[in-house]
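Residue numbers (the numbering used here), protein chains in the order written: chain A, 1 to 480; chain B, 1001 to 1480; chain C, 2001 to 2480; chain D, 3001 to 3480.
Hints are computed from structural coordinates only; laboratory data are not their basis. It should be emphasised that the depicted structure is a prediction, and the values quoted were computed from it without experimental measurement. Backbone N, C-alpha and C fix where the C-beta goes; we use that ideal spot for every residue, glycine too. Hints are supplied without guarantee of correctness; some may be wrong.
[Said to hold, decoys possible] Covered stretches of chain B, going by a simulated chain D footprint (3 or more residues, C-beta under 8 Å): (1) 1126–1132; (2) 1413–1423; (3) 1456–1464.
[Unchecked claim] 30 Å max Cα-Cα, derived DSBU-like pairs, lysine-lysine: (4) B:1151 - D:3225; (5) B:1405 - B:1315; (6) B:1322 - D:3135; (7) B:1156 - B:1024; (8) D:3315 - D:3272; (9) B:1322 - A:400; (10) A:315 - C:2151; (11) B:1135 - B:1156; (12) B:1322 - D:3315; (13) D:3315 - D:3171; (14) A:171 - B:1405; (15) A:322 - D:3171; (16) C:2322 - B:1315; (17) A:156 - C:2315; (18) B:1225 - B:1024; (19) D:3400 - C:2315; (20) D:3151 - B:1315; (21) A:156 - B:1405; (22) B:1071 - B:1135; (23) C:2156 - A:315; (24) B:1405 - A:24; (25) D:3315 - B:1272; (26) D:3400 - C:2024; (27) C:2225 - B:1322; (28) A:151 - A:272; (29) C:2405 - D:3315; (30) D:3156 - C:2151.
Number of protein chains: 4
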Amino acid sequence: MIRTGAEYRDSIRGTRDIYIDGEKVSDVTAHPSFRPIVDIRARIYDMQHEAAFRDVMTCEENGERNAVGNKLPRTQQDWWDKRRATDTVLNEVSGVVTRVGDETVGEMWSLYDGQDVLAEIDPAFARNIETHIHKVLREDPFHVSANTDPKGDRSKAPQDQDPDMLLHVVKETDAGIVVRGAKYETAAAYANQAFTKPTIANWGNAALSDYAVGFICDLNSPGLKFICRSGFAGKAPADYPLATRFDEVDTLVIFDNVLIPWENVLFYRHTKAATFIRATLHRYSAFAFVQRNLKVADMMIGAALFNARQTGLDKQQAVQEKLAELACYREMINAHLTAAITLAEPSPSGLLMPNQSLLYTGRYLACSQLHQMMHIARELCGGQICVTPNAATFEHPETKAFLEKYYSINDTWVADDRRRLLAFARDLLNSDYAGHRLTFQLFAQSPPFNHLAAVYRNFDWDGPLAFVKESAGLSDRVNG
Amino acid sequence: MIRTGAEYRDSIRGTRDIYIDGEKVSDVTAHPSFRPIVDIRARIYDMQHEAAFRDVMTCEENGERNAVGNKLPRTQQDWWDKRRATDTVLNEVSGVVTRVGDETVGEMWSLYDGQDVLAEIDPAFARNIETHIHKVLREDPFHVSANTDPKGDRSKAPQDQDPDMLLHVVKETDAGIVVRGAKYETAAAYANQAFTKPTIANWGNAALSDYAVGFICDLNSPGLKFICRSGFAGKAPADYPLATRFDEVDTLVIFDNVLIPWENVLFYRHTKAATFIRATLHRYSAFAFVQRNLKVADMMIGAALFNARQTGLDKQQAVQEKLAELACYREMINAHLTAAITLAEPSPSGLLMPNQSLLYTGRYLACSQLHQMMHIARELCGGQICVTPNAATFEHPETKAFLEKYYSINDTWVADDRRRLLAFARDLLNSDYAGHRLTFQLFAQSPPFNHLAAVYRNFDWDGPLAFVKESAGLSDRVNG
Amino acid sequence: MIRTGAEYRDSIRGTRDIYIDGEKVSDVTAHPSFRPIVDIRARIYDMQHEAAFRDVMTCEENGERNAVGNKLPRTQQDWWDKRRATDTVLNEVSGVVTRVGDETVGEMWSLYDGQDVLAEIDPAFARNIETHIHKVLREDPFHVSANTDPKGDRSKAPQDQDPDMLLHVVKETDAGIVVRGAKYETAAAYANQAFTKPTIANWGNAALSDYAVGFICDLNSPGLKFICRSGFAGKAPADYPLATRFDEVDTLVIFDNVLIPWENVLFYRHTKAATFIRATLHRYSAFAFVQRNLKVADMMIGAALFNARQTGLDKQQAVQEKLAELACYREMINAHLTAAITLAEPSPSGLLMPNQSLLYTGRYLACSQLHQMMHIARELCGGQICVTPNAATFEHPETKAFLEKYYSINDTWVADDRRRLLAFARDLLNSDYAGHRLTFQLFAQSPPFNHLAAVYRNFDWDGPLAFVKESAGLSDRVNG
Amino acid sequence: MIRTGAEYRDSIRGTRDIYIDGEKVSDVTAHPSFRPIVDIRARIYDMQHEAAFRDVMTCEENGERNAVGNKLPRTQQDWWDKRRATDTVLNEVSGVVTRVGDETVGEMWSLYDGQDVLAEIDPAFARNIETHIHKVLREDPFHVSANTDPKGDRSKAPQDQDPDMLLHVVKETDAGIVVRGAKYETAAAYANQAFTKPTIANWGNAALSDYAVGFICDLNSPGLKFICRSGFAGKAPADYPLATRFDEVDTLVIFDNVLIPWENVLFYRHTKAATFIRATLHRYSAFAFVQRNLKVADMMIGAALFNARQTGLDKQQAVQEKLAELACYREMINAHLTAAITLAEPSPSGLLMPNQSLLYTGRYLACSQLHQMMHIARELCGGQICVTPNAATFEHPETKAFLEKYYSINDTWVADDRRRLLAFARDLLNSDYAGHRLTFQLFAQSPPFNHLAAVYRNFDWDGPLAFVKESAGLSDRVNG
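Let the sequences and hints guide you as you build the complete structure.
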C-alpha cells in the first residue's frame, strides 16, 4: 500500500509532546521549523501516486502497489530501482534529504537476516521482525531509526550510574515491556515508528541484559517526549535556500516509561541479538546513506563550476585540477555504489546485500573526505561567499542600485543570479546548516572509527595474504 | 597618544550611511549586530589606560604614551611586545578578534619601506606615508585595510567593462582626488580610517594608471556607503557564545565620488608603487594575522580535550594521537611566529621585519590546514554538538529535568557545563560564524594561491641550489 | 592465433643493438637483466596453450583461437574476461608485471575509434589501423607503446632546437617514411612491435606537421638502438624477490633513420589525428593499467597484515585502522574497475569502452595515493625492513645461529619466514625496484597533471550544473 | 680533547667480529661498504684541527679544546653553536650523515638529568653518568646509541619466551655485570662506544628487573658480534652519488655474554631509571636528528628546482606551488629548530633543553610528512629519473653520441649535468638508499606512534583548557 501526503500529515498531527527553542509545538505539520521537511516527506508520499513518478517510486508485488524503498531487495535490479527512486526524489525536491524512510528501513532487513539468532530464545521474536518487514510494505509508515543514547559516563557500567543513561526495560506486563531512557533520533518528531536498539556500549554480560532490547516504537505512544535541537528552517529563504527547505530536525526522544506491546518487541534480554544487530545494522541502509554523498558532491561541483565560469577562471589549470579533484570524489562514490550492486552478495535470509566490503569502504571514503571536498569547493567559490549582504539589503532602495552594479559581471551573470549562487554556496558550505550536515554525515550511521571498524570486519583479508604467501615464498607455517 | 573607548565610540557615531539586513543603521555603537564588536574595540582602548594592562598595551616614546600595536618595530623586543599585547587583548576578551587595529596598521609600514619608490614621482607621497605612520601613533585611530574590489569580469580589462569595477580616480581637484568604486572592508563600518589600495588585477600598463592609486580614507568622508553582510551577533548568547561576542562585520564600502585630500594620497597614477605595495603588503601584518590562528588552535584543543576528559576518552591512544595532531598544528604556528622574530630581518627603511620566509610559510601552513584541524576537533567533540537542544529548551519546565538528567555525566561534568561546552564547540566549528571565520582566515589577507606565491617569492632558493650543485657534482654551467 | 613462448623468444633473439650497464647485449633472452621478464612473457604465451589456463587466456573467434587480451571489446563480459585473464597471469607468476601486452594493445583501439579522423586525409590510414588490429589477433605479437620523447627544451618549438628532439619524418620514399628521433619505451628491447605516436608537445601548426606522425614500428627494424636503464634483476633473489623476477626494463629507443613501410603508417602530417590520439590514448588501456594497482595494493596489505599478526599487533585498534585504510584504497580501485564495466559506454567505432569518467578518476586516485599507501604499509611493516641482514649473512656459519635465534618469534613465525617477509616488504616498499615502480606508476601512462586533465575532459559536468541551477533558483541566463 | 681521523681509524681497526653480505670483515676502515662512512667520520675528526673549521667545530673549556657537539648545553648560544657545527659538517661533506656522534651524545645528558632518580639505588650510578659525560668531552670517542632489541614475541613477557629476546643481565661479578641479548645499532660496527638501554617493552614489575639495565658499552669488548645489513656503498658512484658516500650501516649487535665494568653501568635492576630514560631519551638528541630533515629538504628542493629550471617549467604556477610546498616543509623544520632554541627550557640538572614541545612537534611533523615531500619532489623531477641509462652506458662508444644528443637541452644544461642531476635525484628519492633513509628517519628515534606520544606528554594542555573554560563560561567544577 502507498499512503498519501495527507494521510501522513494526519498520522503525526496533534497528540505528541514536542519541544523546540524553549517552546512546546502544537502542530508539527505547521510549525516553521518542521513544516518544510514535513512537506517534503508528504511530497514523497504524493509522488508515489502521480503518473510522472509512480513507476519509478512504486512497484507491484502480489497485486499490491508498494513503495520501491520498502521492497525487500532480491535482485540487482531491485537495487538499481531503489537508487533511481531516491535520485528521483532528490531531483524533484532539488536538494538532499536523508532521513525520509528509504535510508532507515533497511536496518530491519539486517535483523531479518538474524532470524536464527532471534529464534534461539523465542520464535516469536523471529516472527515479529518478519511481520514488521511486511507491515512496512503494507502500511507505508515513515520509519526511522534510534540508536544513540545520551553520553552518560562511558567509563562506568550502566548499573553503576543513573541506570536510565542507557535505554532499558523497567517492567514486563502482559501487554508488553515498559522501557525507560532516551535516544537521539533524527526525524522522530514527525515520523511514525522507530526501530529502537542498543547503542554501542559495554553491556556484554548477563547483569546488563535489561539493556539488550530492540523494538519497534510507535511514535504516538504515551510517555514519549520529543526534545528537539533548534531548527535552521526559520530564516529568510533567499539567504538560506537549503536550510529553509531541507533541515531535518534531530530530537532527543525521552522514553518516560513507554509501553511496547509484545508484538513490537524484536528481542529482549538477548545480548547475542544485540551484538548481531550492532554488527550488521547498516548492511543495507549504508547504500542509501552513501548515495546522499553523491548528491552533495554534485552540489559542490555545480556551485564551484558556476562560480569559476563567471569570469573564465575555469580555463586555468589550477582551477581545473581542483574541479577534477571534486569530480574524482564524486565518481569514487558512484563507483562504490555501482560496484556494490554489481558484486552484490546473498544474505543469510535470502535477500541480496550490496557487496559489503565495497559498501563500507565507500562509506568511509565518502564521509572521511567530505570536509576536504568542502574545503576545495570553498576555495573555488571564493571569499565573496562570506562578505555578501543578504537579500533584503539587495532590495533596499538606497543600496539596490549599488549592489546590482557591483554584483553584475556580464550579460550571463547578473546580480540576482550571483547573489543566489553565493547564498546557495554559503548555505552548502558555511552556514549552521552546512556545519550541521557535515557533522551529521560523519556521525549519523556511527562515529568515524566505527566506519573503519566495519571496513576491517568486512574486507576479505585472505586474498592478499594468499598472494603474498606465494609471492614471498613463505612456508605453510605462517597460516598458523 | 592613546584614546579611550568613549572617544572611539564618539568618533564613529552618527553620520554614516550604514546598511544591514535590509535596514539603515542609525547608531552603529548601539545596533545589536555591531555593538558587541564595538564594545570590544572600545574595551581595547580602555585597557590601555588601566593599571593592569597599561604596561603591556602601551609604551612611551618621546615622552608620549602610545599603543604598542602602533609602534614602529625596530627590535626583536618590539615584536615580543606586540605579540604579548595582542595575546593580552584576546585573553581579556576571552575570544579571537582580528581586525581590531594591530593586524592592519602594519600595512602602512610596508609602504613606508617603499619611500624611494614613492619619491620617484613626487616626494610629497613619501612624506605623506611618513606623516600617516606618525599620525597613527599620535591619534590612535582604529585603522583598517581595504584591498578587494568586487569581482567584476576579470577576463576583461577595467576599461572594457563598467570602469567602477575597480576603484579609480575620476577627478583631480586642488583639494585632492575624487575616487569611485567599491571595496570590501571588514570592520569599516565602525573603524576610523582605511588604507585603500589596488587589488590584485591586470592593470600593468599606462592606460590603467587611474587605478594605481593608494590613499588613507577617513571613514567619515561624505560619499561613502557601508553595505554590510548580515551579522551573526543577534542571537541567543547562550547558544552562540562566540558569534554573539566576536563577530566582525564585513562591509562593501561604496566610494560614490569621495574626495581624498592630497595629504592622504599615498600614490597616484603610479603603477610601480601599486606593484610594490601588492608584493609587500603583509610583510608586517601577517604576523598579527597568523597569531590569531594560534588562539583558534587553543580553542579547538581546549574544547576537544574537555570533551574527551568527561568520560576518560583521553586515555585512549587514538584520542591522544588526534589531540597530539592538534598540538602539532598549534606549536607549528608558535614555531613560525617565534622563529620569525628570532631571525627577523632589517627592512629597507630601517625597521625590523619578521623573517619573511618563516612568516609567509607559517601563514600558508596555518591557513591551509585549518579546515583539517577543525575536522579533527569535530571528531573529538563528537556527534552531540549537532543534536543538542538550545539553552531555552534546557530551561522549559517540562524538559528541564530530563535534560539535566541526561546531560549530566558525573560530579565534574553537570548538564549546564556540558551544554555550554557543546554550544561553544558548535559555535567554534559548525555555526554560520564558524564557517565564516574559516573562510575569512582563508581569504582575509589574500586567496590561498597568493599565500603560496608569497612563499615562492620570499624563500631563499639559492641555499638548496648551491648544496645540490655541490652534492650532485654539477658543473658551473648550471648556474646559467 | 596464439604463439608459444619459444616462438616469442625466437622473435626477439639475436639481431638487435641493445645496450645496458655500459655493455652491448648479445642475447636478450639470456642476459641476466632481461631473462626474468622475458621468461615471464614467454610463460604467458605458454599459458595460453595449457589446459589449466586456455579457457581463461584465450577465446575462439571465427574459428581461430586468440588471446583474450587482444580481443576487441564489445560486451561487458569481454571486459570481465580480460580482467580475469590478467589476474590469472599475475597470480600464476606471483607478482605484478605491467607492460606485457594486455595493457598496451588497447591504444590501437583508441585510434580505431578515430577512423573517420584518419580517413580525412587518406582512407589508407583508416585501413591500416584496422589491419593492424586484426594482425595483432592473428599473429599474437608482443605489442608495446611508445610515447615520450627525451626532454628537449620545451620552451622552444622543435624546429628552433635540434629537430630530432621530437621524433619526426625526415624522408618519404616509395617504401614508406624514414623517421628520426628517440622514444622512451618500457619493454621495447624484448617486444615485437611498438605503436609509436607523438608526445604531448606544442606542435599545433602546419610547420610542425613532420612531427604529427604515428606508426607501428617493427622492433627488429634496422636503424633502431635500444639503450636501457640499468636493470634491477641481477641481484640475489633471496634479498630481492620482486626485483629479480619482475623488473621490466625501460629503454631509450633511438630511431636512427628508420624506414617505416607505408602499411605501418597510421597517420602522417596530420595534426588532427595526433591530437585525437593524444586525447583518447588510454581510453581502453587505462583499465589494465589500473588493474595492476589492485594487485600492488594486495601485496602491501598481505605484507603488512602478516607482519602485524606475528605478534598480535593486529588486535590493536590503531593497527586495524591503518590496515582498513589500505583496504579502502584497494576496494576503491576495485570499485572503479567494476563500475567502469557496469556502466561501460559504446565507442564511436562500435566497441565498448569502460566508463571513461569512472576509469580516469580511478586511475588518478590509484596513482596519486600510491605513495601514501606505501607509507602506511611501511609503518605497519616496521623498522626492521631496513636493518635486517641479507640472506647470505643468515647462512654464514658464525652468524646463522644468532640470526635464527633472534629472528624467530614463535612456532608460527620462524626466522626463515620472517627474513623472507622482510625481504619481500623491503623490495615492495623501499628498494630501487620499489622506487622505480612507484615512479613508473606515476608517469607510465602520462604525468600526474595529465591524469587530472583526463578526468576534467571526461567528467559530465552538466549533471551537477543542472541540479544546482534548479536548487539555487538560478535564471536561464546562466546557461550562457 | 679532540681526536684526529687517524686516531679514530686506529681505534676501530682490527679486533672486531663484523659480518656483512655473508662474509666476515677483516678491516672495517678498508671494506667498501664501510670505508666511505668511516672516511666521513674521520674527516669530521680532522676538521676539528683545521684552521678553516676549528672555531666552528670546537670550543675551549677549562683550558681544553673540545668538540662543540659534546659540550654540555647551558646557553642558547651553545645550541646555535651546535647547530652551526653540524651544518658545517654536512656542507663540507656535501650530504647528510646522521649517526656521527652529535646526534647521539645528547642521550647521556638526558640520563644526567635523572641523577636524583639514579641516586635512589646507588649514588655510584649518578657518579657514573657524570663521569661519562665528561669522559666524552675528554676523549672524543665516536659515541652511539643502542635501543631496539629484536622483535621477539611482544604478546609475551620476556621470561615467557627465549629470555635473550630482550637484553638482560645474566651474571654479576666483581668486575661488573655480564649481559646477553642483541640490539640494533646504526654505526656500531665503526663506533667506539654505545649507550645501551632498554627498549620500549612490557617490563614494569620486579620480576623483570634484569632487563632494566643501562650502560656504556665499549664496542671493542670481547663477546660482541656485529651482524650488518647489506650496504649500499659498493656501487658505481656516478649512478649512486649519495649511497656510495653516505650510507650508514645498521648492525645487529650480539651481546654474547659481554662484561660491562661497574664504572660503565649507569643503572641496573632499576625499573624507575629505565622508565625515566625511555621518557626523556631524545630530550636533547632530537634536535640534531630533526636538523637532518632540514638538509634533506634542501636536497629535494634543489634537485626539483634545478630540474624545473632546465626548460622553464619553474615559470608555471602549478610548479611554483609545488616548490612552495617543499619550501614550507623546509621552513617549518627551520621554525621548530629555531623556536626550540629561543624558548629553550632549563633542565633538572641545570642544562638548557630545547623547548620540548616545539622540538617534539617539529620531529613529528618533519618525519611524518617526509614521504609526502618526496612524492612532490618526485613529481617535479619527472619520469626520467626512472628511465635514464647509467653512467657507463653514457660512456659506451656506440651510445655516447646519442645520449649526449638526447640528454642535452641547451647551453646551460648539457648531457653530463643532466645525467648527474637525474642520478642524484634518483638516489635521493627512489633508490635502495632512498627507501632506507626514509624508513630510518621514520623509525630511528622511535616508531611514529611514539613521536606522537612524545608530543602528547610534552605539550602544555593547561593553556588551552584555561582559555576555553573562560571563553565557554564553564564552572570551576570542570577542573575536576
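Quiz prompt | Hints violated by the structure (listed by number, smallest first) | solution = Violated hints: 1, 4, 6, 7, 8, 9, 11, 12, 13, 15, 19, 27, 29, 30; rest satisfied.
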